[in-house]
Amino acid sequence: MKGLLLKDFYVAVKNLKIYFLIAVLFIGTVIVDKNNVYFLYLLSMLGGIIPVTLLSFDERSGWTKYSLALPYTQNQIVSVKYVIGMILPAAVSAVSALLMWFMKYSAESILLFFITSASLALAVPALCLPFSFKLGVEKGRIAYYAALALIIVPGAVLGGNAADREESFLTAGSWDIIVIISGIAVLLYAASWLLTVRIMKARSCEK
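Quick note: to get this note's numbering, add 8 to the position in the sequence shown (first position is 1).
The reader is advised that the hints may include incorrect statements.
Label-pair restraints from in silico Cβ distances [what the hints assert, rightly or not]:
hint : residue 1 : residue 2 : range
1    : 19        : 185       : 35 to 41 Å
2    : 23        : 184       : 17 to 23 Å
3    : 187       : 80        : 23 to 29 Å
4    : 187       : 68        : 14 to 20 Å
5    : 106       : 24        : 18 to 24 Å
6    : 202       : 112       : 41 to 47 Å
Here are the simulated SDA-like pairs of lysine to any residue, each with C-alpha atoms no more than 25 Å apart in a straight line [claimed, not checked]:
hint : residue 1 : residue 2
7    : 142       : 40
8    : 209       : 150
9    : 10        : 205
Hint data in this document are derived by calculation from the structure and do not stem from the laboratory.
Here a beta-carbon is modelled for each residue, glycine too, at the ideal position from N, C-alpha and C.
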């Protein structure tokens, strides 16, 4: 699967430069308006949608058909997108948390933000990838838009303007909610992964 990861890495570097520019814009916005962490949520979402974007490049280039002739299993082809879907949101959330640390947010606020943003970002590939693999990225756009709404709305509620930079991003009483959100996100991601593998194996048997 290392080769598949490298392939997606090269595709991302070549084709997703605009994502990097958007990320810089989001970070710059937060630096200017230090009390608004909503754009850091959007930054995490950006990491969450990349696996679906990479799958769309696979479809356009014919890779999804070409890969059938290569010594890769359906499990590996599916799993590489889910691995990327875990790594990128975690990495982007970590960068955002580091930025919050430089802006003097409390350790509790940073930890709560990291867990929440990473968990919500996982929902994007978890909801999109099964539909995208089964129907194709274009036909699976309904799930894509639903996933975007799922993270944008909570992000707007949780990541709005803080009255004070030292004010906790989320209150201490939110820990129970965070644990529930994280648990649901992990279970949803695992279920989505297994479902997509089964979908692709079934399709392979049909062919």
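### Task
Please write out, lowest number first, the hints stated earlier that are contradicted by the structure.
2, 3, 4 and 7
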